[in-house]
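Work the whole structure out from these sequences, hints included.
Residue numbers (the working numbering), protein chains in the order written: chain A, 4 to 173; chain B, 48 to 168.
The hints are simulated quantities; they were obtained by calculation from the structure and are not laboratory data.
Cβ atoms here follow ideal geometry from the backbone N, Cα and C, with glycine treated the same way.
Take these hints with a grain of salt, some might be off.
[Stated by the list, open to error] Lysine to any residue pairs mimicking SDA-like chemistry, simulated, CA-CA at most 20 Å apart: (1) A/K94 <-> A/L10; (2) B/K107 <-> A/L69; (3) B/K107 <-> A/I70.
[What the hints assert, rightly or not] Which residues of chain A face chain B? A few of them, derived with a C-beta cut under 10 Å, are: (4) I9; (5) L71; (6) A162.
[What the hints assert, rightly or not] Sample of chain A residues at the chain B side, in silico, Cβ under 8 Å: (7) L45; (8) F47; (9) L49; (10) V68; (11) T138; (12) V142; (13) I163.
Spelled out, the chains give:
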Amino acid sequence: MRTAFILITFWTLASGLLAISRRNMIHCALALISFFAGIAALLFTLSADFLGAVQLLIYVGAISVLILFALLVTHDASRLGDRGAPFSRGKWSGWMLSALVFVVLGFGLHRVAVPPPPDPAPALPVAEIGRLLVTRHAVPFLAMALLLTAALVGSALVAIEESSEHARKE
Amino acid sequence: MSTYEHGYLIVGCLMLVALVVASTPLLLAACLRPRKPSAIKQATYECGIESKGDSWIQFKAQYYLYALAFVIFDLETIFLIPCAVALNQVGFFAFLEMTVFVGVLLLGLVWEWSKGVLEWR
Chain A
4 MRTAFILITF
14 WTLASGLLAI
24 SRRNMIHCAL
34 ALISFFAGIA
44 ALLFTLSADF
54 LGAVQLLIYV
64 GAISVLILFA
74 LLVTHDASRL
84 GDRGAPFSRG
94 KWSGWMLSAL
104 VFVVLGFGLH
114 RVAVPPPPDP
124 APALPVAEIG
134 RLLVTRHAVP
144 FLAMALLLTA
154 ALVGSALVAI
164 EESSEHARKE
Chain B
48 MSTYEHGYLI
58 VGCLMLVALV
68 VASTPLLLAA
78 CLRPRKPSAI
88 KQATYECGIE
98 SKGDSWIQFK
108 AQYYLYALAF
118 VIFDLETIFL
128 IPCAVALNQV
138 GFFAFLEMTV
148 FVGVLLLGLV
158 WEWSKGVLEW
168 R
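Listed below in structure tokens is the structure:
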């Protein structure tokens, strides 16, 4: 398990580096998807099945589609960085910023007190999550439905206004 | 090795098998084929018609809505899966709650449908 963890860590880091350093936006997006998949694999090696599945379904499945669609509807996104070198310019400022973020996050994580794991660990955590969702956290559960619907309707409203404006111009 | 790790070892083996099965024919073809490239052979195939222009055209921003709707219903599954797994333990009231959860989101979908947002123009 430890070897798998280390291998997947390197895979994830390499994908992340590719995602921030390639100039072609599509390549960046593909590397980012590989990075998301790496994170999911890391979660699986850490015995966090449910989180891993969530990561796969939401990030690898949906967010990556969102990112690719964003590139499709953006004018000439593919060619933004296609001229010249395959790696982006201005990388030193990027490295500096990344190092700064790393230091801040590392410092923050270092000071967090990790609570001891429950003993014994629950046999089927997913069922436990489901039981808590519909019993103790029923109100947030239903509020989440409202929130998701609001997001759905809100995004549609923005698009409708945009397309009607478009129609007026034409 | 615990049963947990064992389960994912099988998943890993299956992934490896999938990778090998998918890549072997491609690699074999790359090794065995004769290599005589010409301009016509390397042209993009488009239903037999000569392709014109660039494939990187800008799509309508409206298509983004489909992706957004997809993300939202993906999130819905994340909430429904644990409830479905726990359904035997929690009984009928939980089932009602899930129905309300799906119903509220269904309202959003019906609204979008009635407004014609989902029409592919």
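Query - Hint check: 8 Å Cβ-Cβ cutoff, A/T138 to chain B - result: holds, 6 Å
Query - 20 Å Cα cutoff - pair B/K107, A/I70 - result: Holds, at roughly 15 Å.
Query raised in the report: Holds or violated: A/K94 with A/L10, Cα cutoff 20 Å?
Result: violated, 26 Å
Report task. Let me know if the C-beta of A/I163 comes in closer than 8 Å to any C-beta of chain B, holds or violated. Result -> At about 7 Å, which falls below the 8 Å cut-off, the nearest Cβ of chain B leaves the hint on A/I163 intact, so it holds.
Query raised in the report: Going by Cβ atoms only, is A/F47 closer than 8 Å to chain B?
Result: Hint on A/F47: holds, closest Cβ of chain B at ~6 Å, below 8 Å.
Query - Minimum beta-carbon distance criterion (8 Å), A/L49 to chain B - result: violated, 11 Å
Query raised in the report: Given A/V142 as an interface hint, is the shortest Cβ-Cβ distance to chain B below 8 Å?
Result: violated, 10 Å
Query raised in the report: Can we keep the A/L71 interface hint, with Cβ of chain B closer than 10 Å?
Result: OK, holds: A/L71 within 10 Å of chain B, min 8 Å.
Query raised in the report: Are the Cα atoms of B/K107 and A/L69 separated by 20 Å or less?
Result: holds, 14 Å
Query - Interface hint outcome for A/A162 [beta carbon to chain B under 10 Å] - result: Hint holds; A/A162 Cβ to chain B Cβ min 5 Å, cut 10 Å.
Report task. Under 8 Å, Cβ to Cβ, is where A/L45 needs to be relative to chain B, so tell me if that hint holds or is violated. Result -> Check failed: Cβ of A/L45 comes no nearer than 12 Å to chain B, outside 8 Å.
Query - Interface hint for A/I9, Cβ within 10 Å of any Cβ on chain B - result: violated, 15 Å
Checked against the numbered hints given earlier, this structure breaks hints 1, 4, 7, 9, 12; the rest are met.
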